[in-house]
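Take the given structure of chain A and dock chain B to it, following the hints.
Going line by line, the protein sequences match chains A and B. Here the first sequence is numbered in full-length UniProt numbering, starting from 1 and rising by one per residue. Here the second sequence is numbered in full-length UniProt numbering, starting from 1 and rising by one per residue.
If you are wondering where the hints come from, they were derived from the structure by calculation, not from laboratory data. Please read these numbers as outputs of a predicted model, since none were measured by experiment. Cβ atoms here follow ideal geometry from the backbone N, Cα and C, with glycine treated the same way. Any given hint could be a false lead.
As the list claims (entries may be wrong) - Take a look, some chain A residues computed to stay more than 12 Å from chain B by CB distance:
hint	residue
1	M1
2	A11
3	L26
4	E180
5	G192
6	E224
7	R231
8	E246
9	N252
10	A258
11	A260
Said to hold, decoys possible - Simulated DEER-style distance windows between Cβ atoms:
hint	chain 1	residue 1	chain 2	residue 2	range
12	B	E224	A	R153	26 to 32 Å
13	A	E212	B	R97	36 to 42 Å
14	A	D70	B	L29	44 to 50 Å
15	A	A191	B	L29	57 to 63 Å
16	A	A234	B	R97	31 to 37 Å
17	B	L26	A	W181	43 to 49 Å
To be verified - Residues from chain B shown here face chain A by an in silico Cβ test under 7 Å; the list is partial:
hint	residue
18	G227
19	P230
20	R245
21	L251
22	Y262
Protein chains: 2
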Amino acid sequence: MAELIEITDAADPRLGDYRDLRDVQLRRLLEAEHGLFLAEGEKVVRRALEGGYAPRSFLMAERWLDGLADLLAGTDAPCYVLSEELAEQVTGFHVHRGALASMHRRPLPSVAEVIDGARSVLVLEDIVDHTNVGAVFRSGAAMGIDAVLLSPRCADPFYRRAIKVAMGAVFSMPWTRLPEWRGALPELSAAGFTTIALTLAEDAVPIEEAVEGLSKVALVLGSEGPGISPRWQAEADRRAIIPMREGIDSLNVAAASAVACYLTTRALPKA
Amino acid sequence: MAELIEITDAADPRLGDYRDLRDVQLRRLLEAEHGLFLAEGEKVVRRALEGGYAPRSFLMAERWLDGLADLLAGTDAPCYVLSEELAEQVTGFHVHRGALASMHRRPLPSVAEVIDGARSVLVLEDIVDHTNVGAVFRSGAAMGIDAVLLSPRCADPFYRRAIKVAMGAVFSMPWTRLPEWRGALPELSAAGFTTIALTLAEDAVPIEEAVEGLSKVALVLGSEGPGISPRWQAEADRRAIIPMREGIDSLNVAAASAVACYLTTRALPKA
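Same shape as in the complex, but just chain A:
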């Protein structure tokens, strides 16, 4: 059972994990150095625990205690209880969804572990926006994609906003970060995946055609503005496009990934 600790001072040093949640730079440093991440809202906290992540502590106003009683019963981590005003002073914003939890990160698995047994993999190149990373995880999970690989420059899927947008899919979806940008796609090809870059390149074929008849697919997505790097475009086994109305040449990356993931998993032979 979590120990309930009443907090009456916003400067209480035990609240260090929860400070200044809107300051992206500061949070990145703090979370990296302490190996933690923040889960926000009952549903997301629940999914983090179900995903096997261990809590460092909880923070919530009293009225949220009941809804999380079953979770608090199963842990020894402290639960800091404070007024909503005090919570806002600490975190820097109004915590709409009530509960927060600070969780231990785990060492990232190797690429080999993540792709083992996978038939469909998303590979994200330099998607630096947390919201977009979260949205891609959510759509990918819904569409039955088996794993996600991130280029070294991609935004952190365990950053609070990414977790929230992903609705916790970052906890159930196997993922890791590619140790090297160079050589990543050829390695996937060597592991039996057909790598398909979504791009507006001239030799791009409609995505439905590109995925047809394949049994292991790695879908490669870049960010909206710059798109996929020339190296990755050249190294991908195929280049594909989502056909769009004439005169329109881009989709939001979350929308594009939803369509591409749907068409990919639908084309795979039934498991």
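For chain B alone, kept in the frame of chain A given last:
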């Protein structure tokens, strides 16, 4: 040629259209009463003008004048030129994308005008989030949807954030607001559309099956939490679902609309 007017006082009454852009409540009132909307950034301003909307005025820092010189040459509306600091004081935020324009709204067309000749229509029920409305317009336009109809409670597609997320697609896509929530779907059916509600209802069939062989489709989307109202679900000709991985029961509305629009326009006979 637009008259360039240098502004040195944030309280200048001529800047009324541009005040407090982050205050949603206040902006709604102001924009409704004055029949205006705000376009932000060179690309969006350009698309609003190309869409035939007339400017009331422009506001920008001096360094953005060159990029918009061709647009300013073609209008008699005043262009207020001021420092970025002053612009921030007026609008309440840092105007990243440089230029702002205040534009005249036009009377909304009738439903009959909007659906005339359309083969694919999106019908949005009570999507109250501006970002989601904008994202649905953007995906719909990219996927070749012909028109959008909004229920009375949907968010305003001409609100600044919706316009921005839509990347200006709200200016090229024919749309209007349904005068009545009641009876809207039967009217579309009477006009020859097969109305298809995206829902988790028990009798929902996979969306690809639902759209097969149709020549005129109205896709009905609701918001993520509550979904489509019981009345609209019952009144729709068909109920359809985007098949998802077991245990996952929702997609972001922007992702769902992208997939549904793709599958719908692809199923229509070639024009």
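* Does the no-contact call for A11 of chain A survive, Cβ to all of chain B over 12 Å? -> 30 Å, holds
* Examine each Cβ of chain B, and state whether all of them lie more than 12 Å from the Cβ of M1 of chain A. => Consistent with the label, M1 of chain A stays out of reach of chain B, its closest Cβ about 29 Å off (over 12 Å).
* To do: Could you see if the CB distance from E212 of chain A to R97 of chain B stays within 36 to 42 Å?
  => With a Cβ separation near 41 Å, E212 of chain A and R97 of chain B satisfy 36 to 42 Å, so the hint holds.
* To do: Please settle this one: A260 of chain A was flagged as non-interface, so is its CB more than 12 Å from every CB on chain B?
  => 10 Å, violated
* To do: Return the status of the interface hint for P230 of chain B: holds when the least beta-carbon distance to chain A is below 7 Å, violated otherwise.
  => 24 Å, violated
* Asked: Looking at N252 of chain A again, its CB stays over 12 Å from all of chain B?
  -> N252 of chain A not clear of chain B: closest Cβ-Cβ about 6 Å, inside 12 Å.
* Could you say whether the range 26 to 32 Å given as a hint is met by the Cβ separation of E224 of chain B and R153 of chain A? => 30 Å, holds
* Status of the given 31 to 37 Å range, CB of R97 of chain B versus CB of A234 of chain A -> 33 Å, holds
* L29 of chain B and A191 of chain A - C-beta distance against the hinted 57 to 63 Å -> Since the Cβ atoms of A191 of chain A and L29 of chain B sit about 58 Å apart, the hinted range of 57 to 63 Å holds.
* **Distal placement of L26 of chain A relative to chain B, Cβ over 12 Å** => 20 Å, holds
* Say whether it holds or is violated: E224 of chain A keeps its Cβ farther than 12 Å from all Cβ of chain B. => 10 Å, violated
* **Residue hint Y262 of chain B, partner chain A, criterion CB-CB below 7 Å** => Holds: closest Cβ of chain A sits about 5 Å from Y262 of chain B, inside 7 Å.
Comparing the model with each earlier hint shows violations of hints 6, 8, 9, 10, 11, 18, 19; every other hint is respected.
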